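Peer 1: Below, each chain spelled out in residue letters.
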Amino acid sequence: MATFNALSVFTYDEVIDRTFELKKKHANGQRYWVSALQLDTSYLRWPAHLSVKILEPEHKELIRKSAEKVLYYGIKEFTSDNYGFSNVEIQKIKRIYDYATGEDDFQVDKYRVDFIKFVDELDKRRGTDFNATFPELKELYDRYQKRISLGILA
Amino acid sequence: MIDIKKGFPWVFWPSSICDTFPENPGNKILSGDQYFHLEFRLTLTDNSEQQKTLFALVPRFTGLDLYKDKMILTVTCEDGPLYIDLPLLVKYQEEVIISLEHSPKEFFRLFINNKVIHEVDLKEKIFGLSESPHILIGAGNFPKNDFNLNYTDFSLHEFTLKDSKEVISHHKFEEFIFDKSVDLTGNLNFIHKL
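Chains as they are written, first to last, in our numbering: chain A, 1 to 154; chain B, 1 to 194.
Next comes chain B alone, as it looks inside the complex (with noise of 0.2 Å):
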């Protein structure tokens, strides 16, 4: 478990640390023309009623924020974003496994403790595209940027990412090297402190 703090997110680009190895990096599947099953397990820990980014897939932003009493997920595709309002389902200290689906021509679905909240038609949609993509945990964006950060803090306890065959990256934040956290399928898949 790691917990993220306000002004500290982690990122899933694994990418980033060598440009040429793995071959295959795990973000990679999440380009927008792939089949990809994200899945985080956390405890929110933060009870403000500030907005907050638990997590973001960037560039073309898709993401879940927080309110005080609703959520709105951002799905990005590429003729626009859509903002989906959504009761809120992510509570204080309640653990909850959040879950994103895409399957390209087909669906973009969120998932909260297993169960479909929504469902995207992308039959003629396209999910955003991108060539580097990645995922930004407890932010909306890079602190560098400082814009639409929406800091907030949470316990997370799993992080697990699947193509349409099998994971390609797990972690459950036990070991730690230069504040990456090793993937546990031996991938290197490693998610990093920015």
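Same shape as in the complex, but just chain A (with noise of 0.2 Å):
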């Protein structure tokens, strides 16, 4: 099970394809279970500044690029002579592109902010490089970081 986040979209297809090379290394008709592997990916809500809302158009269009790769090895039939994904895990990874273009009240500059915030502490307490393990996300990194060094939203 995956809790699917602001991060997991720039390596989830990588995610996916080796869930599929695992599914197809263990795939038999000898077990109960038609899959020997299942790619069950749930949303993270909470707390909200990881969430996938807080990214720009194209980081979620990668979470629709992963939808259509699962598709891809989709099985026409959930049976033990098959052994891509089901229409459950395809349809998981889907309703994460819907929800994260969906429109409803999300603060996106606040949570954004708190992103921000959030991952600077990170770095500061853990030792690690947000910009440099996740290049994807500097553009916005740097222009919350001004926001928040100007006062605005912070």
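Be aware that one or more of the hints could be misleading.
Result set (BS3-like, lysine-lysine): computed pairs, CA atoms no more than 27 Å apart in a straight line [said to hold, decoys possible]: (1) A:K65 to B:K162; (2) B:K5 to A:K76; (3) B:K172 to A:K65; (4) A:K60 to A:K146; (5) A:K65 to B:K28; (6) B:K193 to A:K24; (7) B:K162 to A:K76; (8) B:K193 to A:K69; (9) A:K76 to B:K193; (10) A:K76 to B:K28; (11) A:K138 to A:K60; (12) A:K69 to B:K162; (13) A:K69 to B:K28; (14) A:K117 to A:K138; (15) B:K5 to B:K193; (16) B:K193 to A:K65; (17) A:K76 to B:K144; (18) A:K25 to B:K5; (19) B:K28 to A:K60; (20) B:K165 to A:K65; (21) B:K6 to A:K69; (22) B:K162 to B:K193; (23) B:K172 to A:K76; (24) B:K6 to A:K76.
Simulated from the structure, these hints should not be mistaken for laboratory data. Here the structure is a predicted model, which is why all the values come from computation and not from measurement.
From these two lone chains plus the hints, build me the complex, please.
Peer 2: In structure tokens, the structure reads:
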């Protein structure tokens, strides 16, 4: 089971590939249950600053790409002679895209600021380097870091 | 190209793989109230004289059946099916392009090699409506139903489905994953083996 959050987006297609490899490797007609392994993808709602809703539209498109990949590996029937992804596994990734892009009262700016504070603290306490680890978010980081330093929304 | 074999039909039913994705599966435009243009490029490889269903749009059956010396186009409208006798224009070992064009409240047309063979006037008729339409390829029914199957053999070279604006599904049957032919448009409108 994976709890899909804002930082999952950039590598989830690798999780899909690896899950697929394991499904393929361990597929046989001998086990009671059809599938050796199932990818159960839930989405994080709290803390809100780690939600996929803080992401930019181009990052959210990566979730859609993951859903497309898992549908590509999708099986037409959930039977023991098929080892790809089932309808449920596909739907659970697609719904994260729907959740990420859905309109609601989520306060994007507020939670982006909280996100920057969170990763700064993490770097400070654990000696990590957020921007080196997630270069895809550097532009967003810099933009909101600037807002924090200017006292906007901080 | 795929070889459709007796007893092993394929189906165009992308929404059956995942209920919610893609959001606009290609089969939805076959629901009876939308424009579509459907095209099969195939070569019949079955020389038998028995009834042969090349394809069938179901559950409101619209399909093309071959007989010894004629073919019957069945078009199901809301007020019932029409059975249209036509000369046999799909022949053994001859490549042919079969197209169906539906324009709501206007017409339903069958083309063979880009020539109109029959037109149903839909100004006062409604093409059969369905919420989850799909196309059986190489059979008239699902094998599990065990009736009206009319299996046949043919080589299917190409399948194209267009809506009123663009091609939404295109298959040349060169890439497969889990008995699914990969849609060349990238729209994930797979065709899969039953």
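Peer 1: Compare the distance between the alpha carbons of B:K172 and A:K65 with 27 Å, and conclude whether the hinted pair is satisfied.
Peer 2: Holds, because 23 Å separates the two Cα atoms, which is no more than 27 Å.
Peer 1: Is it true that the CA of A:K65 sits at most 27 Å from the CA of B:K162?
Peer 2: Holds: A:K65 and B:K162 sit about 24 Å apart, inside 27 Å.
Peer 1: Does the structure keep B:K172 and A:K76 at a Cα separation of 27 Å or less?
Peer 2: 20 Å, holds
Peer 1: CA of B:K193 to CA of A:K65, is that 27 Å or under?
Peer 2: Judged against 27 Å, a Cα distance of about 25 Å means the pair holds.
Peer 1: Hinted pair, alpha-carbon criterion (27 Å max): A:K69, B:K28. Please report holds or violated.
Peer 2: 22 Å, holds
Peer 1: With the threshold set at 27 Å, check whether the alpha-carbon distance from A:K69 to B:K162 stays at or below it.
Peer 2: 24 Å, holds
Peer 1: Is the straight-line distance between the alpha-carbon of B:K28 and that of A:K60 27 Å or less?
Peer 2: Answer holds: B:K28 to A:K60 is near 26 Å, not above 27 Å.
Peer 1: Checking one constraint from the list: CA of B:K193 to CA of A:K69, max 27 Å. Satisfied?
Peer 2: Status holds; Cα separation ~20 Å.
Peer 1: Taking only the CA atoms, is the gap from A:K60 to A:K146 under or equal to 27 Å?
Peer 2: 23 Å, holds
Peer 1: Holds or violated: B:K165 with A:K65, Cα cutoff 27 Å?
Peer 2: Holds - the C-alpha atoms of A:K65 and B:K165 are around 24 Å apart, at most 27 Å.
Peer 1: Straight-line Cα separation of B:K6 and A:K69 no greater than 27 Å?
Peer 2: Outside the cut-off at roughly 32 Å; violated.
Peer 1: Against the 27 Å threshold, does the CA-CA distance of A:K76 and B:K28 hold or violate the hint?
Peer 2: 18 Å, holds
The structure shown violates the earlier hints numbered 18 and 21.
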